[in-house]
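Visitor: Hey, can you work out the whole structure from these sequences and the hints?
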Amino acid sequence: MGVIQAADPSVDQRLADLEAYVRNAPAQSSLRDVSGPGHNAWIMISSALVLFMTLPGLALFYGGLVRRKNVLSVLAQCLALSGIVTVLWWACGYSLSFAPGNPFLGGTSWLFFNGVTDRPNATYSPWLSHNLHAMYQLMFAIITPGLIVGAIAERMKFRALMIFCTAWMFLVYFPSAHLLWGADGWMNGLGNDAARIKAIDFAGGIVVHMTSGWSALVLCILLGKRRGYGREPIVPHSMVLCMVGTGMLWFGWYGFNAGSSLAADGIAANAFVATTLSAAVGLCGWAVLELIVRGKPSILGMCSGAVAGLATITPASGFVSPGGAVLIGALAAVATFVACTTLKSKLGYDDSLDTFGVHAVGGTLGTLMAGFLATPSVNAGLAAPRIKSFVGSTLWLEQIKAGALILIGSVLVTVVLYKVLDATVGCRVNEDVERQGLDLAEHGEEGYTH
Amino acid sequence: MKKIEAIIKPFRLEEVKDLLQSLGIQGMTVSEVKGFGRQKGHTEVYRGAEYTVDFLPKLKVEVVVSDAQVDEAVAAIIKGAKTGKIGDGKIFVSTIQDAIRIRTDERGDQAV
Chain A
9 MGVIQAADPS
19 VDQRLADLEA
29 YVRNAPAQSS
39 LRDVSGPGHN
49 AWIMISSALV
59 LFMTLPGLAL
69 FYGGLVRRKN
79 VLSVLAQCLA
89 LSGIVTVLWW
99 ACGYSLSFAP
109 GNPFLGGTSW
119 LFFNGVTDRP
129 NATYSPWLSH
139 NLHAMYQLMF
149 AIITPGLIVG
159 AIAERMKFRA
169 LMIFCTAWMF
179 LVYFPSAHLL
189 WGADGWMNGL
199 GNDAARIKAI
209 DFAGGIVVHM
219 TSGWSALVLC
229 ILLGKRRGYG
239 REPIVPHSMV
249 LCMVGTGMLW
259 FGWYGFNAGS
269 SLAADGIAAN
279 AFVATTLSAA
289 VGLCGWAVLE
299 LIVRGKPSIL
309 GMCSGAVAGL
319 ATITPASGFV
329 SPGGAVLIGA
339 LAAVATFVAC
349 TTLKSKLGYD
359 DSLDTFGVHA
369 VGGTLGTLMA
379 GFLATPSVNA
389 GLAAPRIKSF
399 VGSTLWLEQI
409 KAGALILIGS
419 VLVTVVLYKV
429 LDATVGCRVN
439 EDVERQGLDL
449 AEHGEEGYTH
Chain B
17 MKKIEAIIKP
27 FRLEEVKDLL
37 QSLGIQGMTV
47 SEVKGFGRQK
57 GHTEVYRGAE
67 YTVDFLPKLK
77 VEVVVSDAQV
87 DEAVAAIIKG
97 AKTGKIGDGK
107 IFVSTIQDAI
117 RIRTDERGDQ
127 AV
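If you're matching them up, the sequences are chains A and B in order. Just so we're aligned: the first sequence equals residues 9 to 458 in my numbering. Just so we're aligned: the second sequence equals residues 17 to 128 in my numbering.
Simulated from the structure, these hints should not be mistaken for lab results. One thing to keep in mind: the hints can contain errors.
[What the hints assert, rightly or not] Pairs of lysine-lysine residues, derived as BS3-like cross-links and limited to a Cα-Cα distance of at most 30 Å, are as follows: (1) A:LYS77 / B:LYS50; (2) B:LYS56 / A:LYS354; (3) B:LYS98 / B:LYS33.
Since the model is a prediction, treat every value here as computed from it, not as a measurement.
Guide: The structure is reproduced here in structure tokens:
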């Protein structure tokens, strides 16, 4: 590479390839086998940003919200999932999610990263190293089960959660990622001519937030409430950690959303703008609602609003205008505020840290809103013949179809997995362990020694 | 010898300490404690869930003084800790049987 030889294409062709690089279009000649430095650089940074959302962003956001006797259990769950999912991803997860297969699940051609090299795979992005695509998508696979931790915090056995999440990756995450994002996915309206449901999910409203959020709701209901819930104060042990984690989530979310363009292009820039606006409006929305309802804007309220805005814009981030993002952020604030403050107490489930109230409600709302607000002026992919006729008309219906099917699948799998696990290893820690705190009982350590 | 235990508002500590020192009182022990009296607790709200926190943070100041100094020491604590609002705290006085300075083996009033 780099040395020009007699057999090389003409100067015109080479110039055309360079233009293709700038436009993020496929190269026609020898450059086809070369990764584009700008695109690679942005996705490498984005991959690290998305990992940063879990380690330590989500871990601190959740860790601050539990009681001090359980802070390490939350950190341990986030940390361990990062390790387990990475190994799964290398062994088979990436292949089952993204390799050519059937419309519902990827094939086996990329097991153990076989053939996944630094050469671009034009199916997903013409200039991005294929192994970098695998790493970037891995970070999404890590944070998704991590989100579930919030609903079951302070009462689920570590080993039960690890087994649950491992099985859940195979039964929910890998199929969902393939259905929505796989080149031959059954619901991949943006990238697959043969998709039967023409849904769009830019960065994981369905694949990440709906799957984890709805599974989290079911799991926390089946596990039951924490001991003392509603009787004794179960309050966050450190709002400081929670706010620090929120800042890291917001920061990392730029990799999550703007990186989902899989290139350093204009769509990434549009997603960056939409992400910022929705987070800010979500934050302000919660603060104003709290001012009206309680008279005081709380730190937790502002943190919740920012995360709600981010989760809700996720499926729409690369498809909507700045005005659309502001609208989505405002709706996100209202919907998640009602879910966390009213719906939860009315229905009486103990979603410890509001995984359902923020991520499922936000992800579902954002998925629907992407159907209404997506526009080809933000993302030229929406002008492709395969989806053009839906955009601005019945795209929202496709979004509902895809969302509903994934929702039902996530709920059913969670119920079955819970029943099997509860009958074997047992899902919930015993009463003494829960009183003492999971840190000492399950990990033999304390978060704070004095 | 008497031991004076005063439960006070945390932000009144400097005032109380200065007044006690001005009486020539040489030492004191301060601990962070939690409790409630007639003031009761306060309410915290997290994502709409309301919790009554019964135990409020207070400081407990312990001073051991000779019988002759008790009244002025108590008066100093009252002066330093009083805000006039609910939650100012309480003072308890009890008799101390003996006191020993570990370094020198001095006992009784000599040791406080």
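Visitor: Tell me, in ascending order, the numbers of any earlier hints that this structure violates.
Guide: No numbers; nothing is violated.
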